[in-house]
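Visitor: Sequence:
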Amino acid sequence: MPITVASFTVNTRVYDDQKPGTSGLRKAVKVFQQEHYTENFVQAILHALGDQLPGCTLVVGGDGRFYGREAVMKIIRIAAANGVGKLIVGQNGILSTPAVSTIIRKYKTQGGIVLTASHNPGGPDADFGIKFNCDNGGPAPDIVTNKIYEITKTLKHYKTVSDVDIDIDTIQTVSIDVDGKPFIVDIIDSVNDYVELMKEIFDFASIKKLLQGGIGDMPTFPILINSMNGVTGPYVKRIFSDELNVDNTNLVNIKPLEDFGGIHPDPNLTYAVDLVLAMRDGPFEFGVAFDGDGDRNMILGKKAFFVTPSDSLAVLAANLKLIPYFRKTGVKGFARSMPTAAAVDKVAAKNNVEFFEVPTGWKYFGNLMDAGNLSLCGEESFGTGSDHIREKDGIWACLAWLNVIAELGKSVKNVLLDHWKLYGRNFFTRYDYENCDSGSAEKMMQGIETLIQNPEFIGKKLRYENKEYIVEKADNYSYIDPVDGSKAIKQGLRILFEDGSRIIFRLSGTGSSGATIRLYIDSYEDDPSTFEKEAHLVLKPLINIALELSELRQHIGRDFPTVIT
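Residue 1 is where the sequence shown starts when you use this note's numbering, and the numbers rise one by one after that.
FYI, nobody ran anything at the bench for these hints, they're computed from the structure. Some clues are possibly wrong.
As the list claims (entries may be wrong) - Across the chosen pairs, the derived CB separations fall in these ranges:
id, residue 1, residue 2, range
1, 349, 458, 18 to 28 angstroms
2, 410, 352, 18 to 28 angstroms
3, 184, 560, 50 to 60 angstroms
4, 196, 16, 23 to 33 angstroms
5, 459, 479, 23 to 33 angstroms
6, 52, 16, 21 to 31 angstroms
7, 350, 557, 38 to 48 angstroms
8, 107, 54, 15 to 25 angstroms
9, 560, 459, 27 to 37 angstroms
Glycine included, every Cβ here is placed at the ideal spot set by N, Cα and C.
Using the sequences and the hints, build the whole thing.
Guide: Listed below in structure tokens is the structure:
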């Protein structure tokens, strides 16, 4: 017999700070714990579904961070009261962001609510986040997030039910009668659907042979995987231990923890330093770290040879047909976010593949994929993915690299060296200045924009020591979607030079407090004698030009960035 409950209405107050950023609403946990705060935003998401809401099916899960379990129960109760027909909930409230997209697409649901602040720290004194993914499996586009925000500004009440307390740790189907209408909560294995998809995409037999038997003159190919105590742990265990027979000692931090064990779950050279040191000092040929919700990745070769996200995207693009999935579907197009180094551009041009540059935010890739124009895409913020789902996908990227290595029979470093010989190298770095005073950051950006809008700035020669760069173009980047004609403006300040080098400034929308200034530097070299130089040495002139031009130190009082990648 189903549980029988009645819905009721709760009067609430408006919170004026619920505007979603590039990947949902991210705030400190204490903000979400305010009375009605979480409920308001969830109610606004359901309101925004409009005619799709009655009887719809939604997916719910998250990265396991603090407050996630409580938020799942609130979503279940509000969904029940609002006429949702079914919720598919990950066991323990756990679903990686790529898994949510997988499940939405597989079961053709009307969307999903993802409980994550991605790579932001977790715990009672850290961050939480909620984002909505649409029925294509991807992050909600601006038209939807704007609609959600407008609803939050006038919301006077939300609907919920009482006396519903479902055990989300047990795989089960629970039937509930709400106001005489059926409501189902399906608690599912968090991993199964995603693993099945990965086995359809990649040659697991080839990867397993690589991991067990090595390649070329390497009799073994030991790997090291660090889940940073985020959501990927159960997926890593199932794929790499159970399916590919990797020793469990090579899989570290694979238990999802509410505070990520004190780790900042952002897979870069600063926050994944444990992986860097283990790769530098250990016997491993391949290393990878994933972020809190499983959509980002960092790839390292032997002795901690670092693969930039821009190079990772370009290498996969150049070798995409080695992966079974793309031999079947064909290669439709490549894309990168605007701040990402232009390495994949070279691959697209040489192979006569269509190329797109889009604003930061994975939702911009989704339209291109849905229109059949895009197979592979990536962002410099350690995100890589393909049209198998509509999210970036860390484990997918790791398996893609292993599939390519197995087919080429080369080490990570040799794959890169051979790639640069053919396409040249785009040296790249990103400086992050986190938790800056918002007013000072805005003033700095306004100063840069005023400078570059001066017509006399075009053609200007900028010098540092013996290096000179000539400005070819400068603007505040805007984008018109080639599929639906929608426009995104003020996406970052760009200074483009005649030699292909670039300086880009952006204020990030993924932090939970203050402002994050991101400075991107990109310089192309086709001289083989430069390929193995340290990036910071090659980029030093451009970095200093950018800091002097922006007067960054004077504006925010910082001599050094929080993170360098």
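Visitor: For each hint, tell me whether it holds in the structure or not.
Guide: Against the structure, the hints:
1. Range check, residue 349 to residue 458: Cβ separation about 25 angstroms, and the 18 to 28 angstroms hint holds.
2. For the pair residue 410 and residue 352, the supplied restraint of 18 to 28 angstroms holds, since their beta-carbon distance comes to about 25 angstroms.
3. Residue 184 and residue 560 have their C-beta atoms about 53 angstroms apart, which keeps the hinted 50 to 60 angstroms range intact.
4. Taking the beta carbon of each, residue 196 and residue 16 are about 43 angstroms apart, not inside 23 to 33 angstroms as hinted.
5. For residue 459 paired with residue 479, a C-beta distance near 25 angstroms keeps the hint of 23 to 33 angstroms intact.
6. Between residue 52 and residue 16 the Cβ separation comes to about 27 angstroms, which falls inside the hinted range of 21 to 31 angstroms.
7. The beta-carbon spacing between residue 350 and residue 557, approximately 45 angstroms, falls within the hinted interval of 38 to 48 angstroms.
8. Range check, residue 107 to residue 54: about 18 angstroms between beta-carbon atoms, so the 15 to 25 angstroms window is met.
9. Look at residue 560 against residue 459: about 32 angstroms separates their beta carbons, and that is inside 27 to 37 angstroms.
The structure does not agree with numbered hint 4 stated previously, though it agrees with all others.
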